[in-house]
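Engineer: Residue-level listing of the chains:
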Amino acid sequence: MPQIILENVTKRFGKFIAVDKLNMVIDDRAFITLLGPSGCGKTTTLRMIAGLETPTEGRILIDGKVMYSSEEGINVPPDKRDVGFLFQNYALWPHMTVNQNIAFGLENLKWNKADIKKRTEELLAMLKIAEFGDRYPSELSGGQQQRVAIARTLATKPKVLFMDEPLSNLDAKLRTEMRTELKRLHKDTDSTFVYVTHDQLEAMTLATKICLMKQGYLQQYAPPLTVYNKPSNIFVADFVGSPSINFVKGTDFMDVCPEAQFTGGGAALSAEKLTLGIRPECIQLTQKDGIDAAVYSTLPSGMETILRLKLTHEKGEQTLTSVVFGDIDFEADTKVHVAFNMDKILLFDTESGNLIPDGKLKI
Amino acid sequence: MSKKMMNNIRTFFSKPANVILVIFLVLLAMLTLYPLVSLVMETCTVHPMEVQMIGRRKGSFTQRHWFKLLCSGEYSMNNFYIPLLNTFLMSIAASIIAITFGGIVAWLVTRSNLKYKKFISFVFVFPYIMPSWTLAMFWVNFFRNPKVGMGITGIFTALTGICMPEWFVYGLFPCSIVLGLHYSPFAYILIGGILRNMDANLEEAATILKASRAKIMGRITLPIVMPALLSTFLLVFASAMSAYAVPVFLGSPVRFWVLTTKMYTMINGNFQGQGYIIAFAMILFGVGILGLNQWFTGRRKSFTTITGKSSQISLVDLRHSRTVISVILVIILCFIAIVPLITFALESVLLMPGDYSIKNLTLDFWIGKGESVRGIGMDAGILRSADVWHTLVNSLRLSIVCSVAAGISGILVGYAVVKRRGSLLSTLVNNLAFFPYLMPSMAFGAIYLSIATKLPLLYGSFFILALIGSVKYLPFASRSGINAMLQLSNEIEEAAVIVGVPWRKRMTKVIIPIQKATFLSGFLLPFISCMRELSLFVLLVTPQNKVLTTMLMQFNEKGYTQYGNAINLMIIVMVLLINFIVNKVTGASIDKGVGGQ
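So the sequence lines, in the order shown, correspond to chains A and B. One gets my numbering by counting positions in the first sequence from 1 and adding 119 to each. No gaps in the numbering here: position 569 of the second sequence is 562 in my numbering, and each next residue is one more.
Misleading hints may appear alongside valid ones.
[To be verified] In silico EDC-like cross-links for lysine to aspartate or glutamate, where the CA-CA straight-line distance does not exceed 16 Å:
(1) A:Lys479 to A:Glu378
(2) A:Lys429 to A:Asp411
(3) A:Lys184 to A:Asp146
(4) B:Lys108 to B:Asp310
(5) B:Lys8 to A:Asp198
(6) A:Lys247 to A:Glu296
(7) B:Lys8 to A:Glu172
(8) A:Lys333 to A:Asp139
(9) B:Lys(-3) to A:Glu176
(10) A:Lys463 to A:Glu400
(11) A:Lys434 to A:Asp371
(12) B:Lys498 to A:Glu226
(13) B:Lys(-4) to A:Glu191
(14) A:Lys333 to A:Asp357
(15) B:Lys502 to B:Glu487
(16) B:Lys61 to B:Glu43
(17) A:Lys429 to A:Glu450
(18) B:Lys(-3) to A:Glu190
(19) A:Lys368 to A:Asp357
(20) A:Lys140 to A:Glu190
(21) B:Lys412 to A:Glu172
(22) A:Lys481 to A:Asp462
(23) A:Lys429 to A:Asp371
(24) B:Lys502 to A:Glu226
(25) A:Lys199 to B:Glu487
(26) B:Lys(-3) to A:Glu191
(27) A:Lys276 to A:Glu240
(28) A:Lys368 to A:Glu436
(29) A:Lys368 to A:Glu391
(30) B:Lys(-4) to A:Glu176
(31) A:Lys276 to A:Asp201
(32) B:Lys(-4) to A:Glu190
(33) B:Lys498 to A:Asp198
[As the list claims (entries may be wrong)] Chain B residues, not near chain A, derived (Cβ > 12 Å throughout):
(34) Ser105
(35) Val309
(36) Lys577
Think of the hints as simulated: they come from the structure by calculation, not from any bench. Cβ coordinates follow ideal geometry from the N, Cα and C atoms, glycine included.
My request is simple: use the sequences and hints to build the entire structure.
Structural biologist: Below, the structure is given as structure tokens:
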């Protein structure tokens, strides 16, 4: 079954390197998200696998067959790769009705009329748009257009489905709804999904594995919770998670907490070369014990409240973001006490930015 | 060759856009660059007619033409430098008139609460659709008087008894006015498009900051449309420079020479070499203007392209002057767009030109038979003349062939240029496809003539007329094609690629149906331009293979103004009718073709 393998895939636009020596294995029936800030090469990667863009170098295999190889001189055109592609702006053909849009791909595969009709109806029912078959795209709402686009992509039963930020044009509520639908669709269709997004929440919630990229380089390729709990470097830790992770220099932390000790690789580490990564939920408010802090501002949303805390010490002050669950709110400048969940605090090497895998903090 | 390179080449040519670009690069180089080189050669060659004058063998190399035309004192002055100066003065004056008039009307229509907007925007494009000499003929018909030229009385003098002075009737002044009026719709379409697309918020933001209306105009509106104004100015300048018919009508009677008229007489006389030098000089100016235009738009593009679709444009209230301005504008438009048609009809039924009494009216020039018209070299009135019908069919056939050839090429070029936007190849083809626009028609005709005279098969053939027409009008079609493709997101095609739709089907089933109105405009403009074209064909036609416009010119040269007026009316009515029908049936329009909205 289709496994997608990328070997040293590179894409250059003139002097600009969009993707640099990317190596990746996408397992069969996986739901992969390509995540990263805009301009990081994620869309280019997707388009190269689909065959819409030609790589400069490297090798791409789908289902054991070489689709592209700069060395061997192979470049299989997109329509021979048995893939589906869902575009950000849907790219529905405005001069064709919903039915015609869905049927067009099947006509090209020379299906007979009865089968096309059957398949079209099946898809319309599956995506709950049966009553819109004869409408034109301009007569549909954004969410309905999205469903038509999905139906059109699924019509030919592709083994691999590529999606380029398909939900970014929808409003927040509809987006959440479509996310659950897509996840269900992934299970029902039994195919491999590769999904591009710049929304870390979308990537976290949908994927079986996240591929995080920055300026053409792969940063981390791992399941969402691994990316969250063991980010490979400062960039990844910062990109994933909302509210964002707190970064505190080792020496600054010593100012707040003079008795702190750091270990890693079986030895003690000097605070000078460290950066601490503290997730907001690892900073807890305590009744009495703990470090003194003051509330700077609060963002209550009902389910949780995001706090901005100010820790004052002899040499200055340190601000940290924390989150408390439940409908709690504080007046500004309220005095509180905080404690850290030390098991979950991450240590990074400041110079390289990389995670120290077994780094530990002790107070 | 390595496998990798072979693969790169194969991948390159597996994309239809690349194939199209390469084909058009070769084709356009052959059809525009090669003739250019050949023209330069002609400027240094002894032609059959010049053998005696120069005293060398036919075909041998000579610098005499250049020397004679450029550095021979008074001769050079009269035959090159003065026509050159006249051309510049005429073109600059025409551009200023076109921009001012077209720009004011564009602003009034898009940004003010002017009355009768529908009528004004409909009629205002007439002068551009009509042949450029229409207004020139009208001017002569209207203002000629016993004191100037051939001494025939015009309508104005017949009505008022006033004789306008010679400088008013013939020469630089009327040439500039007539060309300016002819190209003002062009300026109107371009400037109007920008104004319509300009986000009204930009002006409203200034209003909020308490800027006066004049200040908004001067500091916000004008600077924003300035790049468009400059580029319109240059395009009108290039067109006015290559105008031939207008200076023939309004300049020749008083020996007012411009480069085009001089070139025509030289090439048709015994001075081919010098004529070709003038053609070359005009092409140089054209290229210079293209360069200037690219420099302006490239440098300033940043703020012409950032235009939003403003939902609510607050119209400027003209207050009490609203009705006055509206009525004056309608009257002016009637005068330049509708009255000329009436005068042509009137002039074509006068037995003796200049006598407007009832008993002097006759329909002989339209439907007369034998006796009454034979005296002036015709077999019958134009509706009964086999020669006229034959020429009409030839004109139509030529226009259809040119518009189909240019239109299809325009779609292909537009597709390929936009698909590969940013690549060197695409930029090259884009510029080559626009190049014929800047090549003055007469000069372009001269080059093709110089090639055709060496190939007897081509000389005087329908093919050479069709070829030159298709190349000359390609810029219109390729502009439409590029516009159409730019409006279409790339993904629309990719969605079809992914489901395995072959390229031809993608074009015919997806891309062309979505943008059919804009693509069709790319057919309409070449058709209309071809129907009314004179200067491009005037050097290339032969008695066996002529078009309506050149026939009209012959009648006028011989002084049979009734026939000339009748044929002119026929061309205009036909062009307006076809434009109207195509517009109503398909939605294609001149505006879309030129780049307006």
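Engineer: So, for every hint listed, does it hold in this structure?
Structural biologist: Against the structure, the hints:
With a C-alpha separation of about 14 Å, the suggested pair Lys479 (chain A) and Glu378 (chain A) falls inside the 16 Å cut-off, and the hint holds. The hinted pair formed by Lys429 (chain A) and Asp411 (chain A) meets the criterion: a straight-line CA distance of about 9 Å does not exceed 16 Å. Under the criterion of a C-alpha separation no larger than 16 Å, the hint pairing Lys184 (chain A) with Asp146 (chain A) is consistent with the structure, at around 14 Å. Of the pairs offered as hints, the one joining Lys108 (chain B) and Asp310 (chain B) holds, with about 11 Å between alpha carbons and a cut-off of 16 Å not exceeded.
As the CA atoms of Lys8 (chain B) and Asp198 (chain A) are separated by approximately 13 Å, the hinted pair is consistent with the 16 Å bound. The straight-line distance between the Cα atoms of Lys247 (chain A) and Glu296 (chain A) is roughly 13 Å, inside the 16 Å bound, and the hint therefore holds. The suggested pairing of Lys8 (chain B) with Glu172 (chain A) holds, with an alpha-carbon distance near 11 Å, which does not exceed 16 Å. Distance check on the hinted pair: Lys333 (chain A) and Asp139 (chain A) sit about 10 Å apart at the alpha-carbon level, within 16 Å; holds.
With a C-alpha separation of about 10 Å, the suggested pairing of Lys(-3) (chain B) with Glu176 (chain A) holds against the 16 Å cut-off. Taking the CA atoms of Lys463 (chain A) and Glu400 (chain A), the gap is about 10 Å. The hint holds against a cut of 16 Å. Between the alpha carbons of Lys434 (chain A) and Asp371 (chain A) the distance comes to roughly 9 Å, so the proposed pair stays at or under 16 Å and holds. The hinted pair formed by Lys498 (chain B) and Glu226 (chain A) meets the criterion: a straight-line CA distance of about 12 Å does not exceed 16 Å.
A hinted pair counts as satisfied when its Cα atoms are at most 16 Å apart, and Lys(-4) (chain B) with Glu191 (chain A) qualifies at roughly 7 Å. For a cut-off of 16 Å, the pair hint linking Lys333 (chain A) to Asp357 (chain A) stands: about 12 Å separates their Cα positions. Simply put, Lys502 (chain B) and Glu487 (chain B) have alpha-carbon atoms about 13 Å apart, close enough for the 16 Å limit, and the pair holds. Straight-line distance between C-alpha atoms of Lys61 (chain B) and Glu43 (chain B) comes to about 13 Å, which keeps the hinted pair within the 16 Å bound.
Taking the CA atoms of Lys429 (chain A) and Glu450 (chain A), the gap is near 14 Å; set against the 16 Å cutoff, the hint holds. A hinted pair counts as satisfied when its Cα atoms are at most 16 Å apart, and Lys(-3) (chain B) with Glu190 (chain A) qualifies at roughly 6 Å. About 15 Å separates the Cα atoms of Lys368 (chain A) and Asp357 (chain A), which keeps this hinted pair within 16 Å; it holds. Note on Lys140 (chain A) and Glu190 (chain A): the hinted pairing holds, with a Cα-Cα distance of about 15 Å set against a maximum of 16 Å.
For the hint pairing Lys412 (chain B) with Glu172 (chain A), the CA-to-CA distance comes to about 12 Å; that is within 16 Å, so the pair holds. Of the pairs offered as hints, the one joining Lys481 (chain A) and Asp462 (chain A) holds, with about 9 Å between alpha carbons and a cut-off of 16 Å not exceeded. A distance of roughly 13 Å separates the Cα atoms of Lys429 (chain A) and Asp371 (chain A); the hinted pair therefore holds under the 16 Å criterion. Proposed proximity of Lys502 (chain B) and Glu226 (chain A) is supported: the alpha carbons are some 12 Å apart, at most 16 Å.
With a C-alpha separation of about 14 Å, the suggested pairing of Lys199 (chain A) with Glu487 (chain B) holds against the 16 Å cut-off. Between Lys(-3) (chain B) and Glu191 (chain A), the direct Cα distance comes to roughly 7 Å. Compliance with the 16 Å bound is thereby established for this hinted pair. A hinted pair counts as satisfied when its Cα atoms are at most 16 Å apart, and Lys276 (chain A) with Glu240 (chain A) qualifies at roughly 14 Å. Of the supplied pair hints, the one linking Lys368 (chain A) and Glu436 (chain A) holds, its CA atoms being roughly 13 Å apart against a limit of 16 Å.
Between Lys368 (chain A) and Glu391 (chain A), the direct Cα distance comes to roughly 8 Å. Compliance with the 16 Å bound is thereby established for this hinted pair. Taking the CA atoms of Lys(-4) (chain B) and Glu176 (chain A), the gap is about 13 Å. The hint holds against a cut of 16 Å. The straight-line distance between the Cα atoms of Lys276 (chain A) and Asp201 (chain A) is roughly 8 Å, inside the 16 Å bound, and the hint therefore holds. With a C-alpha separation of about 7 Å, the suggested pairing of Lys(-4) (chain B) with Glu190 (chain A) holds against the 16 Å cut-off.
Restraint check for Lys498 (chain B) and Asp198 (chain A): satisfied, since their Cα atoms lie roughly 14 Å apart, inside the 16 Å limit. Distance check for Ser105 (chain B) against chain A: the nearest CB is about 32 Å away, which clears 12 Å, and the non-interface claim stands. Non-interface status of Val309 (chain B) relative to chain A is upheld: no Cβ of that chain comes within 12 Å, the nearest being about 33 Å off. At roughly 20 Å, the least C-beta separation between Lys577 (chain B) and chain A is larger than 12 Å, which holds for a residue marked as non-interface.
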